[in-house]
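Asks: Sequence:
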Amino acid sequence: MKKVDHIGIAVRDLNAVLPYYTDTLGLSLMKIEEVESQKVRVAFIDAGNVKLELLEPMDEQSAIFKFLEKKGEGIHHIAFGVVNIEQRMEELRDKGVQLLNEQPKPGAGGAMIAFLHPKSSNGVLYELCEKE
Numbered sequence: 005m006k007k008v009d010h011i012g013i014a015v016r017d018l019n020a021v022l023p024y025y026t027d028t029l030g031l032s033l034m035k036i037e038e039v040e041s042q043k044v045r046v047a048f049i050d051a052g053n054v055k056l057e058l059l060e061p062m063d064e065q066s067a068i069f070k071f072l073e074k075k076g077e078g079i080h081h082i083a084f085g086v087v088n089i090e091q092r093m094e095e096l097r098d099k100g101v102q103l104l105n106e107q108p109k110p111g112a113g114g115a116m117i118a119f120l121h122p123k124s125s126n127g128v129l130y131e132l133c134e135k136e
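Last residue of the sequence shown: 136 in this note's numbering, with the numbers rising by one and none dropped.
Think of the hints as simulated: they come from the structure by calculation, not from any bench. There's no promise every hint is true.
Below, a list of computed lysine to any residue pairs in the SDA-like style, where the Cα atoms sit at most 25 Å apart [stated by the list, open to error]:
#1 K75 / L22
#2 K99 / G113
#3 K70 / N105
#4 K43 / G76
#5 K70 / V101
#6 K123 / E136
#7 K135 / P108
#8 K109 / M34
#9 K75 / N105
#10 K70 / K99
#11 K55 / R16
#12 K7 / K99
#13 K70 / V21
#14 K75 / R16
#15 K135 / D50
#16 K7 / K74
#17 K74 / G127
#18 K6 / F84
#19 K74 / N88
#20 K70 / F84
#21 K109 / L129
#22 K99 / K75
#23 K55 / K99
#24 K55 / A20
#25 K43 / K99
#26 K43 / N19
#27 K123 / R92
#28 K75 / D98
#29 K70 / G30
#30 K55 / G30
#31 K55 / E40
#32 K43 / M93
#33 K55 / G127
#34 K55 / G78
#35 K6 / L104
#36 K70 / Q107
#37 K7 / E90
#38 K70 / K6
#39 K70 / E40
#40 K135 / K74
Kindly produce the complete structure, drawing on both the sequences and the hints.
Replies: Now the structure itself:
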């Protein structure tokens, strides 16, 4: 793992929460994008040494929608930047870590991503994130 790349935060409405991050906390909005493969609208916030990734579900099929229904708004995952995500996934499997994805899939910001099952990581959902 290279570093913590970002912290994913599930929100119901990006437009409603953005002023808290930009106006109240004084952080900078980097960009907003839609990630069809994950069915989410994402706002990237520059928090200095790490990015915050605000995640709004685009429909009821989104994993973020299901998370919000079950747990409400809050921290969804912590993402580690990696090099060669497929190799890293294989190394983790060899160490007995259960993954939620068999193969990496497209994520926000052009990254390839995969998630570790929280049962393998003491209840925390971790994401592997490889950027070009």
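Asks: Next step is simple, just say for each hint if it's right about the structure.
Replies: Tested hints:
A hinted pair counts as satisfied when its Cα atoms are at most 25 Å apart, and K75 with L22 qualifies at roughly 20 Å. A hinted pair counts as satisfied when its Cα atoms are at most 25 Å apart, and K99 with G113 does not qualify at roughly 29 Å. At roughly 17 Å between alpha-carbon atoms, K70 and N105 fall within 25 Å of each other, so this suggested pair holds. As the CA atoms of K43 and G76 are separated by approximately 18 Å, the hinted pair is consistent with the 25 Å bound.
A C-alpha spacing of about 24 Å is found between K70 and V101, which places the hinted pair at or below 25 Å, so the restraint holds. Proposed proximity of K123 and E136 is contradicted: the alpha carbons are some 29 Å apart, above 25 Å. Restraint check: the Cα-Cα separation between K135 and P108 comes to about 12 Å, which is no more than 25 Å; the hinted pair holds. A threshold of 25 Å between alpha carbons decides the hint, and for K109 with M34 the separation of about 23 Å falls inside it, so the pair holds.
Between K75 and N105, the direct Cα distance comes to roughly 22 Å. Compliance with the 25 Å bound is thereby established for this hinted pair. At most 25 Å may separate the alpha-carbon atoms for a hinted pair to count; K70 and K99 exceed this at roughly 29 Å. With a C-alpha separation of about 19 Å, the suggested pair K55 and R16 falls inside the 25 Å cut-off, and the hint holds. Using a Cα cut-off of 25 Å, the hinted pair K7 and K99 holds, with the two alpha carbons roughly 20 Å apart.
Our distance criterion of 25 Å between C-alpha atoms is met by K70 and V21, whose separation comes to about 19 Å. The hinted pair formed by K75 and R16 meets the criterion: a straight-line CA distance of about 12 Å does not exceed 25 Å. This hinted pair checks out: K135 and D50 have alpha carbons roughly 17 Å apart, not beyond 25 Å. This hinted pair does not check out: K7 and K74 have alpha carbons roughly 29 Å apart, beyond 25 Å.
This hinted pair checks out: K74 and G127 have alpha carbons roughly 15 Å apart, not beyond 25 Å. Taking the CA atoms of K6 and F84, the gap is near 7 Å; set against the 25 Å cutoff, the hint holds. Distance check on the hinted pair: K74 and N88 sit about 33 Å apart at the alpha-carbon level, beyond 25 Å; violated. Proximity of K70 to F84 is assessed by CA-CA distance (about 23 Å); at most 25 Å being required, the pair is judged to hold.
Between K109 and L129 the CA atoms are separated by roughly 16 Å; this keeps the pair inside 25 Å, and the hint holds. For the hint pairing K99 with K75, the CA-to-CA distance comes to about 30 Å; that exceeds 25 Å, so the pair is violated. For the proposed pair K55 and K99, the alpha carbon gap of about 29 Å is over 25 Å, so the pair is violated. Among the hinted pairs, K55 with A20 is consistent with the structure: their alpha-carbon atoms are about 19 Å apart, no more than 25 Å.
The suggested pairing of K43 with K99 is violated, with an alpha-carbon distance near 31 Å, which exceeds 25 Å. Restraint check for K43 and N19: the C-alpha separation of about 17 Å stays at or below 25 Å, so the hint holds. For the given pair, K123 sits about 18 Å from R92 by alpha-carbon distance, which is consistent with the 25 Å threshold. For the hint linking K75 to D98, the alpha-carbon distance of about 31 Å lies beyond 25 Å, and the restraint is violated.
A hinted pair counts as satisfied when its Cα atoms are at most 25 Å apart, and K70 with G30 does not qualify at roughly 30 Å. Proposed proximity of K55 and G30 is supported: the alpha carbons are some 14 Å apart, at most 25 Å. For the given pair, K55 sits about 21 Å from E40 by alpha-carbon distance, which is consistent with the 25 Å threshold. Restraint check for K43 and M93: satisfied, since their Cα atoms lie roughly 23 Å apart, inside the 25 Å limit.
The hinted pair formed by K55 and G127 meets the criterion: a straight-line CA distance of about 22 Å does not exceed 25 Å. Only pairs whose Cα atoms come within 25 Å are accepted, and K55 paired with G78 is accepted, the gap being roughly 15 Å. In summary, the hint linking K6 to L104 is supported, as the alpha carbons are separated by about 21 Å, within the 25 Å threshold. A threshold of 25 Å between alpha carbons decides the hint, and for K70 with Q107 the separation of about 22 Å falls inside it, so the pair holds.
Proximity of K7 to E90 is assessed by CA-CA distance (about 17 Å); at most 25 Å being required, the pair is judged to hold. Between K70 and K6 the alpha-carbon distance is near 30 Å, which puts this suggested pair outside the 25 Å criterion. Proposed proximity of K70 and E40 is supported: the alpha carbons are some 16 Å apart, at most 25 Å. Distance hint between K135 and K74 is unfulfilled; the C-alpha atoms sit about 30 Å from each other, more than 25 Å.
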